[in-house]
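Kindly generate the complete structure, drawing on both the sequences and the hints.
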Amino acid sequence: MLIFEQSRNGRRALAQAPHQATATPDIPAGLLREQPPLLPSASELQVVRHFTRLSQKNFSIDTQFYPLGSCTMKYNPRACNRLAMLPGFLARHPLAPASMGQGFLACMFELQEMLKEVTGMPAVSLCPAAGAQGEFAGVAMIRAYHDARGDSERTEILVPDAAHGTNPATAVMCGYQVREIPTDRNGDVDLDALRKAVGPKTAGIMLTNPSTLGVFERRIEEIAGIIHKVGGLLYYDGANLNAILGKVRPGDMGFDVIHMNLHKTFSTPHGGGGPGAGPVGVSKRLEPFLPVPVVGFDGDEYYWITEEVRPQSIGRLSAFMGNAGVLMRAYIYARMLGREGMHRVADYATLNANYLMARLSAAGFDVAFPGRRATHEFIVTLKRQDKTLGVSAMDFAKRLLDYNYHAPTTYFPLLVPECLLIEPTETETREELDGFVDAMIQILKEAETTPELLKEAPHTLPVRRLDDVRAAKQLDLAWSPAAE
Amino acid sequence: MPFIPHTEADVKDMLAAIGASSIEDLFDEIPANLRIGKLHGVPDGLNEQEVSRLMLERAERDGRPLCFMGAGAYDHHVPAAVWEITTRGEFYSAYTPYQAEASQGTLQLIYEFQTMMAGLTGLDVSNASLYDGASGMAEAVLMAIRANRKSKSHRVLVPTTVHPHYRKTTHTIVKNQGIELIELPYCPQGGHTLADALQPYAGQDIAALVIQHPNFFGILEEVDMLTDWAHAQGALVIGISNPVSMALLKPPGKWGSAGADIAVGEGQPLGVPMMGGGPYFGFMCCKKDLVRQMPGRIVGRTIDRDGRDGFTLTLQAREQHIRRSKATSNICTNQGLLVTAATIHMSLLGAEGLKRVAQSCHENTRKLVAALTASDCVEPVFNRPYFHEAPLRLSLPVEGVARALHAHNILPGYILGKEYPELGDALLVCATELRTDADIELYASHLNRVIAAQTQAGCPTQPKMA
Numbered sequence: 001m002l003i004f005e006q007s008r009n010g011r012r013a014l015a016q017a018p019h020q021a022t023a024t025p026d027i028p029a030g031l032l033r034e035q036p037p038l039l040p041s042a043s044e045l046q047v048v049r050h051f052t053r054l055s056q057k058n059f060s061i062d063t064q065f066y067p068l069g070s071c072t073m074k075y076n077p078r079a080c081n082r083l084a085m086l087p088g089f090l091a092r093h094p095l096a097p098a099s100m101g102q103g104f105l106a107c108m109f110e111l112q113e114m115l116k117e118v119t120g121m122p123a124v125s126l127c128p129a130a131g132a133q134g135e136f137a138g139v140a141m142i143r144a145y146h147d148a149r150g151d152s153e154r155t156e157i158l159v160p161d162a163a164h165g166t167n168p169a170t171a172v173m174c175g176y177q178v179r180e181i182p183t184d185r186n187g188d189v190d191l192d193a194l195r196k197a198v199g200p201k202t203a204g205i206m207l208t209n210p211s212t213l214g215v216f217e218r219r220i221e222e223i224a225g226i227i228h229k230v231g232g233l234l235y236y237d238g239a240n241l242n243a244i245l246g247k248v249r250p251g252d253m254g255f256d257v258i259h260m261n262l263h264k265t266f267s268t269p270h271g272g273g274g275p276g277a278g279p280v281g282v283s284k285r286l287e288p289f290l291p292v293p294v295v296g297f298d299g300d301e302y303y304w305i306t307e308e309v310r311p312q313s314i315g316r317l318s319a320f321m322g323n324a325g326v327l328m329r330a331y332i333y334a335r336m337l338g339r340e341g342m343h344r345v346a347d348y349a350t351l352n353a354n355y356l357m358a359r360l361s362a363a364g365f366d367v368a369f370p371g372r373r374a375t376h377e378f379i380v381t382l383k384r385q386d387k388t389l390g391v392s393a394m395d396f397a398k399r400l401l402d403y404n405y406h407a408p409t410t411y412f413p414l415l416v417p418e419c420l421l422i423e424p425t426e427t428e429t430r431e432e433l434d435g436f437v438d439a440m441i442q443i444l445k446e447a448e449t450t451p452e453l454l455k456e457a458p459h460t461l462p463v464r465r466l467d468d469v470r471a472a473k474q475l476d477l478a479w480s481p482a483a484e
Numbered sequence: 485m486p487f488i489p490h491t492e493a494d495v496k497d498m499l500a501a502i503g504a505s506s507i508e509d510l511f512d513e514i515p516a517n518l519r520i521g522k523l524h525g526v527p528d529g530l531n532e533q534e535v536s537r538l539m540l541e542r543a544e545r546d547g548r549p550l551c552f553m554g555a556g557a558y559d560h561h562v563p564a565a566v567w568e569i570t571t572r573g574e575f576y577s578a579y580t581p582y583q584a585e586a587s588q589g590t591l592q593l594i595y596e597f598q599t600m601m602a603g604l605t606g607l608d609v610s611n612a613s614l615y616d617g618a619s620g621m622a623e624a625v626l627m628a629i630r631a632n633r634k635s636k637s638h639r640v641l642v643p644t645t646v647h648p649h650y651r652k653t654t655h656t657i658v659k660n661q662g663i664e665l666i667e668l669p670y671c672p673q674g675g676h677t678l679a680d681a682l683q684p685y686a687g688q689d690i691a692a693l694v695i696q697h698p699n700f701f702g703i704l705e706e707v708d709m710l711t712d713w714a715h716a717q718g719a720l721v722i723g724i725s726n727p728v729s730m731a732l733l734k735p736p737g738k739w740g741s742a743g744a745d746i747a748v749g750e751g752q753p754l755g756v757p758m759m760g761g762g763p764y765f766g767f768m769c770c771k772k773d774l775v776r777q778m779p780g781r782i783v784g785r786t787i788d789r790d791g792r793d794g795f796t797l798t799l800q801a802r803e804q805h806i807r808r809s810k811a812t813s814n815i816c817t818n819q820g821l822l823v824t825a826a827t828i829h830m831s832l833l834g835a836e837g838l839k840r841v842a843q844s845c846h847e848n849t850r851k852l853v854a855a856l857t858a859s860d861c862v863e864p865v866f867n868r869p870y871f872h873e874a875p876l877r878l879s880l881p882v883e884g885v886a887r888a889l890h891a892h893n894i895l896p897g898y899i900l901g902k903e904y905p906e907l908g909d910a911l912l913v914c915a916t917e918l919r920t921d922a923d924i925e926l927y928a929s930h931l932n933r934v935i936a937a938q939t940q941a942g943c944p945t946q947p948k949m950a
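Chains as they are written, first to last, in our numbering: chain A, 1 to 484; chain B, 485 to 950.
Hints may be right or wrong, so weigh each one.
[To be verified] The calculated lysine-lysine pairs, modelled on DSS-like cross-linking and capped at a C-alpha distance of 25 Å, are:
hint, chain 1, residue 1, chain 2, residue 2
1, B, Lys-634, B, Lys-771
2, A, Lys-201, B, Lys-810
3, A, Lys-196, A, Lys-247
4, B, Lys-496, A, Lys-473
5, A, Lys-455, A, Lys-387
6, A, Lys-284, A, Lys-229
7, B, Lys-810, B, Lys-772
8, A, Lys-445, A, Lys-383
9, B, Lys-771, B, Lys-810
10, A, Lys-473, B, Lys-772
11, B, Lys-496, A, Lys-201
12, A, Lys-445, A, Lys-455
13, B, Lys-522, A, Lys-284
14, A, Lys-247, B, Lys-522
15, B, Lys-771, B, Lys-636
16, A, Lys-473, A, Lys-455
17, B, Lys-522, A, Lys-116
18, B, Lys-652, B, Lys-496
19, A, Lys-473, B, Lys-652
20, B, Lys-636, B, Lys-652
21, A, Lys-116, A, Lys-383
22, B, Lys-772, B, Lys-634
23, A, Lys-229, A, Lys-201
24, A, Lys-284, A, Lys-247
25, B, Lys-659, B, Lys-634
26, B, Lys-496, A, Lys-247
27, A, Lys-445, A, Lys-387
In short, the hints are calculated from the structure, not lab data.
See the structure below:
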């Protein structure tokens, strides 16, 4: 039942609002609202019960194993939430002077410093509100750099065909044309095709390493050489940074600009689809173009670096400094991990992924790149099962929900047919991984004996498979009393 | 090991299953010369009690100043239930609801949110949110250019009464797509946008007009006149509004004879703490016929195979993961957790509660303006009606006054001179429903003492920070 359907005229949660209505005689009558907005009239208990019950219809990391590839669904420590929500931080007005926020700014500055260290990039800005905004900032900086040098013939951004959809969408937002580079059969960028594609029009390349195929791009230095030789720059999509945290650094691989997804690698919550935080790191030559504001420190006081002292900055990305509360959670997480903890992230994320891959492979599943090491994630392809048993990756995914496991990412990357992209993360126990393998084995048996169990799954959730076509054709995007 | 559950026996058995002799072996595809040693720039790890102590010290160091600052972020009461429920693990640690059957909680909540925002703005449909109000304006500008089939132009009119940071953010985001943002001057007496400012563009091909109402100064714009003018020119109207104001004031969907086409704004006043600038959320609503040009996630109600109601992400053909380079935007995430908070907040307050908040903010700001302008050295900058926020001009340098008030733990307002040098020593002040008569009295008395001290000295003094 919707909250609106529980609403009764005249009922109110009166503890929340000012005691009485006040007149506003100075506001012209023609500018006042005539009809009250459609909001529920409900008691506090009704509201609390309704939203608590809704929460119980969600899968989440706190309740289920959530091996969603490319999303790094690791445990979100509770301490990070509680400490980021201390009253002193919540009460900080974003435009309050730096002198009244030295404690807050110290955290932000130290986070910048730690991110520089783990990525090998000499300068960082925390501004971007999410990964996609970090990507935008990164490519906008590439463009600003070329423009500042009067190098305006560069109109193309190269993107491997395995890339996240945000990469080509971002390049277009920055006014570039996208040129796709194919992948070879081992999952690496096709270097011959790359060599043919580069030239005076090349502004740069956007790469994820490990790639979205779950393998490390082994010839990254060669790629960097090819791009730099023609005057292009390398952009690192940090979606998969969890695989290499404390092992290798994008800065050392030759990247000029990167973004990080703190809601993945630094364990800030995904919140049902945000908020994220997508800080960017750059090489020295791109530092003047970083989005503002950036936190500076003169050895005594922390202060804001703004467009006045960074006239070449690509500018602001949001009204204020970015997602401060997310950055604060990432800072607390980083301080709790410390140096040793950060080295261990990639170790155990990789151990869990390779273990899961080995066990699923032994159980008869086809791994997309069997000759390769898994990084923090890997791909199982169900092409064979689809052909012989008529059950798709989607059917497997939906049946997993009945076994109380969130499904892996399905149908991404697009290059591998009927794929499941599986990322267990470092915070899962071996028992949890074994339980998932058992479920996969069981579902494979069902596929052979009773395939309709998969095709009609899920059976045990609040709803069964939904009619997406109807959702798009008979649009119902808001409730209205008349329609009921 | 923080957050890593493996025992030594686990590691041994897992490596045996893989057929590797050590964890190190698993990284053998990475060129050896790229491997790093110690991360010297990262300090040793802290346990929970140590990090708690550090964070408590830092939060206390910043104090909790008495806030009379608005300028796009507002100090409102947030009901206790809002964040208690929002931070339940099932909301907090879920991902974007791609697996609809396992995400009905988040999906139904977003559908309810969309309903509330459409109602509040007086428009037909809402998306599931954008990053914040400023980036929301940028997305609205891009959307209007895509959606306006009458116009071939990439020119958008933006009054200088729109939040300066919104204008800057929009410039950052749209400048590489050949879009021209044309700034319109405001009336020096009224602080609003006059028909005169529009006249030079009459008869020209303009894709859209942006109207912020109440505007950045808190001044009420002539929204009906502006909206009708734009529509007569074939331009779309993008309305930017504070969501709390919409409980009291005529919302964008009702401006002029046809209403604004797109409404965007900052959702922070709906249950989101100020938190140093984010995370907040941007809302975006529009008329039904523009929905396919809207960026971001959208949730629809449909039925499952048993005919039961259910909720799912819809119109995904607009989005980057399907359309790649032809997507409406590169945006993936919405601000789900903040939308969760806002939906609970609006459910608790209801239409009447939200209207009372709006009235109370306005009443308190009027009291504040009256108390501060009782001084001979302080006067209102503009003579037009305002809502909830107003600029005051001081007859002495505002920076020195502000610094002196900071020392008394008062955040006196937003100094306008940097963005609007023509306004001189002006301060944008705001008193939300949280400010009491005593708070306002305290501000006024400190201000009077500071003015007395600084004018007696004949020149502004530079008091030391406490």
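These are the hints, each one checked on the structure:
no.	hint	result
1	B/Lys-634 x B/Lys-771	16 Å, holds
2	A/Lys-201 x B/Lys-810	21 Å, holds
3	A/Lys-196 x A/Lys-247	32 Å, violated
4	B/Lys-496 x A/Lys-473	54 Å, violated
5	A/Lys-455 x A/Lys-387	14 Å, holds
6	A/Lys-284 x A/Lys-229	18 Å, holds
7	B/Lys-810 x B/Lys-772	22 Å, holds
8	A/Lys-445 x A/Lys-383	16 Å, holds
9	B/Lys-771 x B/Lys-810	22 Å, holds
10	A/Lys-473 x B/Lys-772	13 Å, holds
11	B/Lys-496 x A/Lys-201	51 Å, violated
12	A/Lys-445 x A/Lys-455	14 Å, holds
13	B/Lys-522 x A/Lys-284	22 Å, holds
14	A/Lys-247 x B/Lys-522	9 Å, holds
15	B/Lys-771 x B/Lys-636	20 Å, holds
16	A/Lys-473 x A/Lys-455	23 Å, holds
17	B/Lys-522 x A/Lys-116	14 Å, holds
18	B/Lys-652 x B/Lys-496	56 Å, violated
19	A/Lys-473 x B/Lys-652	38 Å, violated
20	B/Lys-636 x B/Lys-652	24 Å, holds
21	A/Lys-116 x A/Lys-383	42 Å, violated
22	B/Lys-772 x B/Lys-634	17 Å, holds
23	A/Lys-229 x A/Lys-201	13 Å, holds
24	A/Lys-284 x A/Lys-247	22 Å, holds
25	B/Lys-659 x B/Lys-634	22 Å, holds
26	B/Lys-496 x A/Lys-247	21 Å, holds
27	A/Lys-445 x A/Lys-387	16 Å, holds
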